[in-house]
Amino acid sequence: MPRPSAIIRIEGVKKRYVLGGENEVLALRHVDLAVEAGTYLAIMGPSGSGKSTMLNILGCLDRPSAGSYWLGGEDVSRMPDDQLSEARGRKIGFIFQSYNLIAQLTVLENIQVPLLYQGKDVRLFHDRCLDLARLVGLGDRLGHRPNQLSGGQQQRVAIARSLVNDPLMLLADEPTGNLDSRTGTEVLDLIDRLNQAGKTIILVTHDERVAARAHRVVHMKDGVIDREVVNRPPPAPSR
Amino acid sequence: MISYQLASTIRLGVKSLLLHKLRSALTMLGIIFGVCSVIAMLAIGEGASYEAQEAIKKLGSNNILLRSVKPPEQARQQGGGGGGGGGGPRGMQLKYGLTYQDGSRLQTTIPGVKRVLPMRIIRENVRFDRNEVPCQVIGTLPFYPEVAGAAIVRGRFLAHIDEVHQDNVCIITTGLARRLFPHQDPLEHSVKIDAFYYRVVGVLQERSQPEQRSQSGKMEGQPLDNNVYIPLGASRTRFGEVLIRRAAGSFEAEEVQLHQITVQMENTAAVETADPQIKTLLDKFHDQQDFEIIVPLQLLRQAEQTKRIFNIVLGSIAAISLLVGGIGIMNIMLATVTERTREIGVRRALGAKRRDITRQFLVETVVLSVGGGLIGVVVGVLTPIVVSQLTTMKTIVTVWSVLLAFGISGAVGIVFGLYPAKAAARLDPIDALRHE
Ligand SMILES: Nc1ncnc2c1ncn2[C@@H]1O[C@H](COP(=O)(O)OP(=O)(O)OP(=O)(O)O)[C@@H](O)[C@H]1O
Ligand SMILES: [Mg+2]
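Read top to bottom, the protein sequences are chains S and H.
Be aware that the first sequence starts at 1, since it is given in the working numbering, and climbs by one per residue.
Be aware that the second sequence starts at 1, since it is given in the working numbering, and climbs by one per residue.
Isolated chain H (complex conformation) (with noise of 0.2 Å):
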């Protein structure tokens, strides 16, 4: 009974409003844009978020990352062991970066370490048959996958062995094998890699690319897991440590030992304290600023700071925005009041009483701001499809932001609603009446 009066009392408000179609529109937009605005932002910032949480979380938790980095101040230093990568005209020859030593003073002084990893990373093109895929060659330890938290898929990882024999064995990228190897089995097949060749014992599931934040910015725009890992010795003899680059016909040759230690803790806690521990070890060494720290938990930390202020400010303008809304919708209520003061008091005659006006007009305001946050639920979700769509951006429509955009336009309808409902109900019947 009851809710048989509130249908036919939300059709007579469907039927009021339809009957100023354009202006029942027009206060609509302004809920619309309100509720849509809340969605799409949320959307944005939340896939924004969710990626660089990612990002930060598949470095690992429990790991320290050291970087070497080309120092600012281009103290050069006149080659000493130019050893395989020398030849040609003899350009600048620049040392620095993180060295083996680093990585054996960490694994002993560093309370709290399980394991140091150290890698050297060089960019070269993996040749097989007349496939060439411009990789990442990263010379490591049998324990990188444990620590780096990747996954064999077939065969087997770095062993041991390898390490002793430095032998030209590699193990590949799921992704490079696909590149490489479209229609075969890459397994027992040798790559070539520079002059070397080197027989692929197994395929690698990534789930961290850790190089890929590397400094320098040629990598850019090339897929992220096209990865070799070969024994650590191996790239050492190989490949030697000064490394030549070709740039716009000039030669920059660089010596680094390692181009990456990750430093893997016990725990959390450990992460912690070791960060300052590792930096003053490390500064002791090293006489200019040569590497980097990187600390995925401060950094995980951190983002969900940012996302927090995030939250806070987008809250705000979804927040006045469905304000700005909210008074539209009472304004044009106003108006609608007023304009129908001669039908307020024909049904005050008719037997209405004043919650009979109140309910009508509160239901009319709620009907067109649950309208207009209905449909601008639909564009809200759809809009982040889009925006994916047009810009590669992450996007996540979270069920409680559609529920909140939702709740607020109701919300603003019902509070909006409220006291135009009430001077409609306030008016003497009579005195509504002789309105004209």
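This is chain S alone, in the form it adopts within the complex (with noise of 0.2 Å):
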């Protein structure tokens, strides 16, 4: 059973891709891991060796062929399609590569998709969306359209866009690979202030420089954990 303070637990996950006839491939052997709330995780490995299978499995995106996924308590890896979509609304916060804001809609109108789909009314939601915007820096560029946005900023819409929903955490799948040094430096400072307010987080990349920052590494290789680095010690459970 999974302890009560860890917000996600996964044992004996296996991923498995069916390439048509024969081919297979075996995207994750075995997994298990287990993440406190308030740690701020990092995974990190070569190219290929599961990183993004195993953020979209946790993140409910994807399923696991095999293994159990507990989120929060829940047993997620057997929901029926709907829940999982509104597990994925109230509990999970994305930040892509690719920013993935949706382009005929402004900032504000972006940071409140995740509230639609929780049947929120917008309208009472307002003073947050704008908290949430000022809290990224973006409060002066409400109306303005993706296009209109430099990647950072356009990240930093993506971030409160995780936020609006206050989900239980936020999962990051190399959110500054578009990024320059001195923009991505602005985006994972925020990401580190998010997490000293008690966040989640658990962001994939390629960069040593970008791990270090977290709690603990997760070095991954042939889709099974290789090894982990505990940089400082996450937060003891406070509940």
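If you are wondering where the hints come from, they were derived from the structure by calculation, not from laboratory data.
Not one of these hints is a red herring.
SDA-like, lysine to any residue: derived pairs with alpha carbons at most 25 Å apart:
(1) LYS14(S) to ARG434(H)
(2) LYS120(S) to ARG355(H)
(3) LYS91(S) to LYS353(H)
(4) LYS14(S) to ARG78(S)
(5) LYS15(H) to HIS144(S)
(6) LYS353(H) to GLN104(S)
(7) LYS120(S) to SER3(H)
(8) LYS120(S) to ARG11(H)
(9) LYS221(S) to ASP431(H)
(10) LYS221(S) to ARG434(H)
(11) LYS57(H) to GLY103(H)
(12) LYS307(H) to SER388(H)
(13) LYS353(H) to SER8(H)
(14) LYS15(H) to GLY151(S)
(15) LYS58(H) to ILE293(H)
(16) LYS353(H) to ASP173(S)
(17) LYS91(S) to THR358(H)
(18) LYS70(H) to GLN101(H)
(19) LYS15(H) to LEU124(S)
(20) LYS422(H) to TYR4(H)
(21) LYS353(H) to LEU168(S)
(22) LYS422(H) to THR358(H)
(23) LYS221(S) to VAL18(S)
(24) LYS353(H) to SER65(S)
(25) LYS14(S) to HIS206(S)
(26) LYS21(H) to THR106(S)
(27) LYS422(H) to ASP82(S)
(28) LYS57(H) to GLN298(H)
(29) LYS58(H) to GLU304(H)
(30) LYS58(H) to ARG308(H)
(31) LYS15(H) to LEU108(S)
(32) LYS422(H) to GLN104(S)
(33) LYS21(H) to PRO146(S)
(34) LYS120(S) to VAL14(H)
(35) LYS422(H) to LEU105(S)
(36) LYS114(H) to GLU146(H)
Both chains come to you apart, so use the hints to assemble them.
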């Protein structure tokens, strides 16, 4: 059974891709992982080692072929699609490498999108959206469209968007991969601040310096966790 | 709450459509044309059939009309009683048509006959003062208004005493009264027809002009309600039975006793049975086909039948054009779904359920088709107005045709939008996100 303070617990997770015919790829062979609330976890490893696959499973975007996954005390590995969508919207905030803002919407509207799918009245959350926009330093760009923003600004909108439903954790797959080092640092500083404020962060990166900011660094290799480095202890579970 | 969500989904749909203005406009065009053509065609069809039905109804659905027709085989007969009209070089004289005897035979032999109204219709110019108007001078009996459904607006109609005395009195139609007496009260003035003066004793409001579909093409383009009514006997004695028509230097004389007999039946059932009986009776006494029988009731039924067929044809054309429009929409939406696969993935990652995605794309299609439908309704309502302005064709835009066209456009959106929307929702979030 998962310990109550473990926000994430996966056990014996496998992911198999069938490429038609006999061909199949074992992207994840056997992964066990537990993450406590408030942890900043970085996942590293060579290309093709299964980092993104793992993050997608953690984000409920994909299902494990075998094994189980508890998210915040719920077994999500066999949830029907609708509940999974709900879990994604409520418990998880995504930050993508390529920002993935919706082109036809303004900054403010992009931040509001996750609220819509929780059936929340956007008007009641106007102040929250404004606060988030200010938090990421875009309080004066609310009416702008994604194509009127720089990459760094877009990524900051994506961060604000990921926070709007106050999720259990943020998942980021190479969030600074498309940014120059200075804007990348700004974004990472923002993520640091969020973690200091108590948010659980799981972040995939190739960059040692990025990983150095995390409490724990998990190194993957050929679909298994090869080794784990603890930079500094994660905060003690408060509850 | 739900309506608020729907409103924001619609707003989003409009936004997405505006992102590709030209594409959306072109897609809508199919629906616009479809809806517009449904409404416009139905309006023109409705107008045409309304005019036809009105014209037929004016003839009176209890009436059977008999008309003299010049026989096609010019079976010429040298003139018998060439009384009044003769003179000048002898041309060919043709004797044909309905007779006074036909009238009395109809009255006595056919069951269910209420009245038999004989009419002589002669074209003459009618003059008063300096005004001269080409008219139909109709010799008839006092009960003409009841049979033809006309109303006396001033004075009186012909009376029995006029017939007995063959008085030179006349009744003119309202239209003619306006033309002959623009500034005066026509009553008690005398108008000149041919060589004689007739005292105007009444003004008649026509409901019908059964004479308007006369065989001769000469009356075309002339106002239809320039009629003068005089006693039948007066028409016979003043004009005679031989009429001379001057055409291109030659003379043509015709002897016709009656130009039309209107048989008024007791009820519509009697109309059905009397029709063949009248034909049999008249055929017995006419050795040539010199009359025609018009049964307005039958014409009305035919017109209704024609209209039904017309509506079915129009409906099919409209259905096809809307189908084509729908396929256009579906095509574009499938392309849009492919193009926006990434967006679908992002929305799914942000918590959208399958039905949210379905709704989003369905709303977009419906906005497209209903938008097109609205524009189509506006254009479709304006087109008949323009058509009737340009062609004097009557058009009637019925409410049901607008509702039908609009309803179909909405249905097209839902039917043809459902597949692309479902296809969009079926995508796995991770596959959609990875799409590029
Ligand atoms: N949809 C898929 N179908 C088939 N094979 C896949 C699929 N997605 C991933 N794989 C395979 O799974 C393995 C792990 O892929 P994954 O994307 O997790 O790697 P990664 O560690 O994120 O690499 P990178 O650092 O380059 O992003 C790879 O061998 C890849 O070819
Ligand atoms: Mg990857």
